[in-house]
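Numbered by mature numbering (1 follows the signal peptide of the UniProt record, and there is no 0), the letters in the sequence shown go through residues -19 to -1, 1 to 105 in order.
Simulated from the structure, these hints should not be mistaken for laboratory data. C-beta atoms are modelled at their ideal positions from N, C-alpha and C, and glycine is treated no differently. Please note that the accuracy of each hint is not assured.
SDA-like cross-link-like pairs, simulated, lysine to any residue; straight-line CA separation at most 25 Å [as the list claims (entries may be wrong)]:
no.	residue 1	residue 2
1	Lys86	Ala43
2	Lys86	Ala55
3	Lys86	Val35
4	Lys86	Phe30
5	Lys86	Tyr31
6	Lys45	Val35
7	Lys86	Ile44
8	Lys45	Thr74
9	Lys45	Gln100
10	Lys86	Glu50
11	Lys45	Ser76
12	Lys86	Arg33
13	Lys86	Phe51
14	Lys86	Leu34
15	Lys45	Pro67
16	Lys45	Arg63
17	Lys86	Asp38
18	Lys45	Val69
19	Lys86	Thr57
20	Lys45	Lys86
21	Lys86	Gly71
22	Lys45	Ser96
23	Lys86	Ser76
24	Lys45	Leu34
25	Lys86	Arg98
26	Lys45	Gly93
27	Lys86	Arg104
28	Lys86	Gly61
29	Lys86	Asn52
30	Lys86	Ser96
31	Lys86	Tyr65
Okay, the calculated beta carbon distance ranges per label pair [stated by the list, open to error]:
no.	residue 1	residue 2	range
32	Val69	Leu25	32 to 38 Å
33	Thr74	Asn42	19 to 25 Å
34	Pro41	Thr74	20 to 26 Å
35	Thr74	Leu34	16 to 22 Å
36	Gln100	Ile(-15)	48 to 54 Å
37	Asn56	Val35	25 to 31 Å
38	His82	Leu37	19 to 25 Å
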Amino acid sequence: MKSFILIAVLAALTVCNNGASIPEEAALFGDDASVYQEGSIGRLGEVLFYDRLVSLDSWPNAIKVWDLEFNGAANTTITGIRIYNPPVNGNATASPLGTNHTVVKLVTARGGHISSRIQIFGRL
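Please work from the sequences and hints to get the whole structure.
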């Protein structure tokens, strides 16, 4: 009888633990997320060089800026940049493609926040 109660409690804890799990990254940035994309992405031979989640809290009456400078190896070429959830009412800019160096800048509107995912693709 004691073992039955122990198994029942463990089963209940397992169900509760699975229900309270943190959402996967795919759920945070799914197909319904807004996307800023520059260049073509997904061609044969392209490699994901850089992938990062960026999160900056909002501050009243302040403009938040996040800069990324990516320097690839000499034999790499950057062919595309994808930004999931760019800043609302802000802007996202990237330097021209086709080189091994790029600069990505995210700027929020006054009092806004940044919660984005940046990916840089290219060829070797």
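Taking the hints in turn, this is what the structure says about them:
Straight-line distance between C-alpha atoms of Lys86 and Ala43 comes to about 16 Å, which keeps the hinted pair within the 25 Å bound. A C-alpha spacing of about 23 Å is found between Lys86 and Ala55, which places the hinted pair at or below 25 Å, so the restraint holds. For the given pair, Lys86 sits about 12 Å from Val35 by alpha-carbon distance, which is consistent with the 25 Å threshold. The straight-line distance between the Cα atoms of Lys86 and Phe30 is roughly 17 Å, inside the 25 Å bound, and the hint therefore holds.
Between Lys86 and Tyr31 the CA atoms are separated by roughly 15 Å; this keeps the pair inside 25 Å, and the hint holds. Pair hint Lys45 plus Val35 holds up; C-alpha atoms about 12 Å apart against a cutoff of 25 Å. Of the pairs offered as hints, the one joining Lys86 and Ile44 holds, with about 13 Å between alpha carbons and a cut-off of 25 Å not exceeded. Between Lys45 and Thr74 the CA atoms are separated by roughly 14 Å; this keeps the pair inside 25 Å, and the hint holds.
Among the hinted pairs, Lys45 with Gln100 is consistent with the structure: their alpha-carbon atoms are about 20 Å apart, no more than 25 Å. Under the criterion of a C-alpha separation no larger than 25 Å, the hint pairing Lys86 with Glu50 is consistent with the structure, at around 9 Å. At roughly 19 Å between alpha-carbon atoms, Lys45 and Ser76 fall within 25 Å of each other, so this suggested pair holds. Pair hint Lys86 plus Arg33 holds up; C-alpha atoms about 14 Å apart against a cutoff of 25 Å.
The suggested pairing of Lys86 with Phe51 holds, with an alpha-carbon distance near 11 Å, which does not exceed 25 Å. Annotation: proposed proximity of Lys86 to Leu34 holds, straight-line Cα distance about 14 Å (limit 25 Å). Restraint check for Lys45 and Pro67: the C-alpha separation of about 13 Å stays at or below 25 Å, so the hint holds. With a C-alpha separation of about 20 Å, the suggested pairing of Lys45 with Arg63 holds against the 25 Å cut-off.
Restraint check: the Cα-Cα separation between Lys86 and Asp38 comes to about 16 Å, which is no more than 25 Å; the hinted pair holds. Our distance criterion of 25 Å between C-alpha atoms is met by Lys45 and Val69, whose separation comes to about 12 Å. For the suggested pair Lys86 and Thr57, the alpha carbons sit about 21 Å apart, so the restraint of at most 25 Å is met. For a cut-off of 25 Å, the pair hint linking Lys45 to Lys86 stands: about 11 Å separates their Cα positions.
For the given pair, Lys86 sits about 11 Å from Gly71 by alpha-carbon distance, which is consistent with the 25 Å threshold. In summary, the hint linking Lys45 to Ser96 is supported, as the alpha carbons are separated by about 11 Å, within the 25 Å threshold. Simply put, Lys86 and Ser76 have alpha-carbon atoms about 9 Å apart, close enough for the 25 Å limit, and the pair holds. For the proposed pair Lys45 and Leu34, the alpha carbon gap of about 16 Å is at most 25 Å, so the pair holds.
With a CA separation close to 12 Å, the supplied pair Lys86 and Arg98 stays within the 25 Å bound. A distance of roughly 7 Å separates the Cα atoms of Lys45 and Gly93; the hinted pair therefore holds under the 25 Å criterion. The suggested pairing of Lys86 with Arg104 holds, with an alpha-carbon distance near 22 Å, which does not exceed 25 Å. Restraint check for Lys86 and Gly61: the C-alpha separation of about 15 Å stays at or below 25 Å, so the hint holds.
About 15 Å separates the Cα atoms of Lys86 and Asn52, which keeps this hinted pair within 25 Å; it holds. Using a Cα cut-off of 25 Å, the hinted pair Lys86 and Ser96 holds, with the two alpha carbons roughly 13 Å apart. Of the supplied pair hints, the one linking Lys86 and Tyr65 holds, its CA atoms being roughly 13 Å apart against a limit of 25 Å. For the pair Val69 and Leu25, the beta carbons lie near 34 Å from each other, so the given range of 32 to 38 Å is met.
A hinted range of 19 to 25 Å for the beta carbons of Thr74 and Asn42 is consistent with their spacing of about 23 Å. Here the CB-CB span from Pro41 to Thr74 is close to 25 Å, well matched to the stated 20 to 26 Å. In this structure, Thr74 and Leu34 meet the distance hint of 16 to 22 Å, their C-beta atoms being roughly 19 Å apart. Hint check: Gln100 to Ile(-15), Cβ distance near 50 Å, so the stated range 48 to 54 Å holds.
Between Asn56 and Val35 the beta carbons are some 27 Å apart, a value that agrees with the proposed interval 25 to 31 Å. A C-beta distance of roughly 24 Å is found between His82 and Leu37, which places it inside the suggested range of 19 to 25 Å.
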